[in-house]
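Residue numbers (the UniProt record's numbering), protein chains in the order written: chain F, 1 to 894; chain G, 1 to 87.
Read the hints as simulated data drawn from the structure, not as lab findings. The C-beta atom is built at its ideal place from N, Cα and C for all residues, glycine as well. Take the hints with a grain of salt, since some may be wrong.
Claimed, not checked - What follows is a set of in silico ranges between Cβ atoms, one per label pair, in the way DEER data are often shown:
1) V40/G <-> I440/F: 46 to 56 Å
2) L260/F <-> D27/G: 14 to 24 Å
3) M112/F <-> N68/G: 27 to 37 Å
4) S528/F <-> N68/G: 48 to 58 Å
5) P76/G <-> P106/F: 57 to 67 Å
6) S265/F <-> G36/G: 42 to 52 Å
7) P76/G <-> D571/F: 21 to 31 Å
Claimed, not checked - Some chain F residues flagged as far from chain G (calculated, every beta-carbon gap over 12 Å):
8) N58
9) L147
10) I183
11) I205
12) V248
13) Q249
14) V358
15) L604
16) D671
17) A673
18) L759
To be verified - Computed far set for chain F versus chain G, every beta-carbon distance over 12 Å:
19) P41
20) R162
21) R163
22) W220
23) G235
24) T252
25) H330
26) N338
27) L441
28) R483
29) F573
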Amino acid sequence: MEILRTKLNRPRSGEDILSRPHLLKFLEKHHNLPLILISAPAGYGKSTLASQWLEGCNFPSAWLSLDQSTDDLHTFLTYFIAAVQSIFPNACQKTNVFLKAANLPPLPVLSMSLINELDEIDQDFILVLDDYHHIHEQVVHDLFSELLRNPPRHTHIILITRRDPPLSLNNLRARQKMAEIRIQDLRFAQEETAAFLEHLLEKRIDQATAAAWTERTEGWVTGLRLAALSMRHRGDIDSLILEAHDSVQYVTEYLFSEILSQQPSAIRQCLLNVSILDRFCAPLIEALLEPDGEQGEEKLNPWDLIEVLQEQNMFIIRLDAKNQWFRFHHLFRDLLQNQLERHRSREVVVKLHSRASVWFAENGWVEEAIRHALKAGDTLSATQIVGRNRQAILNEDKCHILEKWLTVMPEEIKQESVDLLLAQVWVLLHHLAIYALPPILEKIEKIADRETIDISSRGEIDFFRGYACYLQGQGLQSEEYLRKALERIPETYYLARGQAIVYHALALQMIGRKEMAVQGLNDKLRASRSSKGITITRLLGALGFIHLLDCNISQSLVAMQRAQEIASRHDIFYAESWALYVEALIHFLRNELDDALPDFSRILENPYIVHTAVAVDSFCALAQIYQIRQQPDKAQETLKLLLDFAAQTGDPGFIAISLSCQAHLSMLRGDMAQALLWLRSADLIPDASIMLFWVEVPRITKCRVLIADGSDASLQEALDTLHKYKHENKALHNTIQQIGILALMATGYKKQGRIDEALATLGHAIELAEPGGVIRPFIEPGPEMADLVKRLIKKNVATNFVGQILTAFREEHLRAAYPVSSIAQPLVDPLTKREMEILNLLAKRERRKKIAETLFISPETVKRHTTNIYQKLGVNNQEEAVAKAKALGILSPQ
Amino acid sequence: MQETFNWKGIKLETPATYRIVVQGCLDQSWSDRLAGMAIVSQSKGKDAPVTTLTGRLRDQAELSGVLNSLYELHLPILKVEMLERDE
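Okay, chain F solo, but in the shape it has when bound (with noise of 0.2 Å):
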């Protein structure tokens, strides 16, 4: 995200501060606790204050200024984290990879991240949040109680605000954990009016005078400093003022218009200008002059107006080191404010709004931009700002900083414009809210009818229509408008693009064009050495699942492999994820289920920053591991965990799945009951989305439980619905949904006890999955397909692969009869050191005479150890004596 850097600079006042021994001293002994508050209206001194002590103080410290700009979760969080890395480079970078993710994770997932990585800082520092009272959004203050409610042990507050904000103050009171400096604090004393003065004027100040002023700005230092200015400039002070009524914003205004017209014209001119702007610098003070001069005025340089203001002492902060920015004192600053709009025709306010709108676009300073061409009512402007810079933003996958620039736009001007619109699909599709894609695309559509819109947003529309055609199953639609997409969408617009290749090769395999859009995507790979990790990872990446879904598993792997290794080289965690989830899809597949675990508890550690439906697919397929690895407790664990997650995204999609699995999960268990409670009950959501490659379908777990029902109709009702979705994978050329579909149907078939097409369905499916070694969709049905394949090798199919099943089967069957229990059992008549020699290799799957020899024995001895062992553990066969020591943990689980 774009940061401003002037918001984390400490403003700087002028050297004519008045110090305050007393209060510096109070930040100096509170300042260990978690929060120091200062509330007091503007123009107090509360920022000069902080900052005074700042600069003094041995600890590392940080600024915030916050403004309505930072009035929102992310952008808080984005400056609040980076306020704390400006100390510490390295902290909070998990909780900074939240930012990036395409949504933020619950708040109290997000509250606790944060906590903990500021609890990971070892030394003491303080963090200056100035200006808390522009802070409405009720989830910022949410998310800082949390952490006053657990402030990390080093990390210290202060709060600068001129209203108390609503967190739980009369609790840290109590708790004392906070520290407070308020008006009645901050108010001059008559001491320090005198001191104050007597520094500015550089004469004595007697007093009555010292006690008058006091009285009458009521310690407003501000008032002071105004006092003072126009004491200057007339040379003693004027008696009139100090006898009258009037409250201090008389004195204010009073004082302000005298010091405003002993100003030069050209200067007052200036001042008045420069007051629309949030900060400011020389060349931009320059842009709002008028062109030829004010009326045969000398032209004032800008520079020298900011010497003036600094030498004077106006109310002039700089905003960082370089001093090339700066910003008026906030009062100062609505002071001349109400003078423009009093002295001035709203035509000249908009004339200078449209100038500094103009200023800020030609120097990539785009919300303000945005904000001062809204202000000068130029909504077109405003909108082909955004527009001009809407590629380059997410050319830099910065999609934030582009849902920042429409939350300033008017909803009616959004409506409107197809850049606009265009950006707002973006937006959406980065949060992956799909289901919102077609009402928007309808009215870009309706407005693109009418008008002539570039071919550029032609192809992005093309894009659009084109990916969600692709989601839809609809592929021959989806690969025409992706062509036309890349046909359209230019070279330079590198994300649009790269976003467009990667669905056209999909939906090239989903035509059955597979090999032109293998080809395709290794061309662009070969050409794009020099492109960003990003978009070699999305290309690998498309590969990676082409071939998936083709059942190409060794290929997939490959590319996944690849890209899995780039996205680590360039902490892109979010393309890791992705390459990760299918490794483990992959190990899944070939039973390979000790491999796929680590992996899928790997991409779970992080659910938030992960593609949400890869989080929910892995959530069901560890829960699925646990309980085939007879770990019920771990597999309810992971459901529950599913569950909620699911609940917390509020989509149906997702929740439908984690219900599906818990259904699954049920019937894996036997509890039959449970899982046709959902059957009957489900609101299955007229699902018309693809399957893909994803482990849990609510529509296929629908048909397993049919089958497990085992009643005529369900089978019957399974068989037909299996042969739709058979048909509809065929078309969509997507093998391994294909795989399981026929396993299951050849599973139903035998419960209808129509073998010989059980046998064909079967032996088709063995054909696809052969090649890959996909072994589990012909574990998943159980016992039944066990007979089915045992049939298979009498008819000698595919022997190989058959006997990986049937020997898959056989494991599965022993880790069911013998589950792993965590508690070492020791046998009553302990095996011998030979004898577990012996074992060990028994568990490699070593025979008689290779143990022979490897144990200098003879095979004869070999078979008496053998036999022993057996009986020592109570078993008929090597398989069920390894197994049988694993579970009894003399044999480590390996």
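Keeping the supplied structure of chain F fixed, place chain G upon it in accordance with the hints.
Just chain G, lined up with the frame of chain F:
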């Protein structure tokens, strides 16, 4: 949670006439910046003077704005009262 439609009362968006009393003086010229409220100041002899602002505010947001402005003008609030509301 009780349904609110049974109650007779105002909502955040209900316009209403408010009277705000603050300590201090305020000139009628401030009316523009304070939601057009009528401003009357009164001196109270030895005690601090008091200003009464009266006017129709279109909603709670406008009221909040006025109260905030009075705070920024350093005028302590003595009383805030709703006089009349739109039906």
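Hints, one by one, checked against the model:
1. At about 53 Å, the beta-carbon gap between V40/G and I440/F stays in the expected band of 46 to 56 Å.
2. Restraint check, L260/F to D27/G: a C-beta distance of roughly 19 Å satisfies the suggested window 14 to 24 Å.
3. With their beta carbons about 34 Å apart, M112/F and N68/G fall inside the hinted range of 27 to 37 Å.
4. For S528/F and N68/G, the hinted distance range of 48 to 58 Å is satisfied, since their beta carbons lie about 55 Å from each other.
5. Separation of P76/G from P106/F is about 42 Å and departs from the stated range, judged on CB atoms against 57 to 67 Å.
6. For S265/F paired with G36/G, a C-beta distance near 33 Å fails the hint of 42 to 52 Å.
7. Checked against the given bound of 21 to 31 Å, the beta carbons of P76/G and D571/F, roughly 55 Å apart, lie outside it.
8. Separation of N58/F from chain G is adequate, the least Cβ-Cβ distance of about 36 Å exceeding the 12 Å criterion.
9. No beta-carbon of chain G is positioned within 12 Å of the beta-carbon of L147/F; the least distance is around 26 Å.
10. Here I183/F does not stay apart from chain G, with its beta-carbon only about 9 Å from theirs, under the 12 Å limit.
11. No beta-carbon of chain G is positioned within 12 Å of the beta-carbon of I205/F; the least distance is around 23 Å.
12. A Cβ of chain G approaches the Cβ of V248/F within 12 Å, the least distance being about 5 Å, so the stated non-interface status is violated.
13. Listed as outside the interface, Q249/F is inconsistent with that label: its C-beta sits roughly 5 Å from the nearest C-beta of chain G, within the 12 Å cut-off.
14. Consistency note on V358/F: stated as away from chain G, and its beta-carbon is indeed over 12 Å from all of that chain's, at 30 Å minimum.
15. For L604/F, the shortest C-beta to C-beta distance to chain G comes to about 37 Å, beyond the 12 Å cut-off, and the non-interface label holds.
16. At roughly 38 Å, the least C-beta separation between D671/F and chain G is larger than 12 Å, which holds for a residue marked as non-interface.
17. Non-interface call for A673/F relative to chain G: holds, since the shortest CB-CB distance, roughly 36 Å, exceeds 12 Å.
18. No beta-carbon of chain G is positioned within 12 Å of the beta-carbon of L759/F; the least distance is around 62 Å.
19. Not every Cβ of chain G is farther than 12 Å from the Cβ of P41/F; the closest lies at roughly 6 Å, contradicting the non-interface assignment.
20. Annotated as non-interface, R162/F brings its C-beta within 12 Å of a C-beta of chain G; the closest such distance is 8 Å.
21. Non-interface status of R163/F relative to chain G is broken: a Cβ of that chain comes within 12 Å, the nearest being about 8 Å off.
22. The claim that W220/F lies off the interface is violated: its Cβ sits roughly 7 Å from the closest Cβ of chain G, which falls inside the 12 Å cut-off.
23. Listed as a non-interface residue, G235/F keeps its Cβ farther than 12 Å from every Cβ of chain G; the least gap is roughly 28 Å.
24. With a least CB separation of 9 Å from chain G, T252/F falls inside the 12 Å interface cut-off, contrary to its annotation.
25. At the 12 Å boundary, the C-beta of H330/F falls inside the reach of chain G, the nearest C-beta of that chain being 10 Å off.
26. A cut-off of 12 Å between C-beta atoms contradicts the statement that N338/F is not in contact with chain G; the least separation is 8 Å.
27. The Cβ of L441/F sits about 34 Å from the closest Cβ of chain G, beyond the 12 Å cut-off, so the non-interface label holds.
28. R483/F, annotated as away from the interface, keeps every beta carbon of chain G farther than 12 Å; the closest lies near 52 Å.
29. Consistency note on F573/F: stated as away from chain G, and its beta-carbon is indeed over 12 Å from all of that chain's, at 42 Å minimum.
Violated hints, listed in ascending order, are 5, 6, 7, 10, 12, 13, 19, 20, 21, 22, 24, 25, 26; each of the other numbered hints is respected by the structure.
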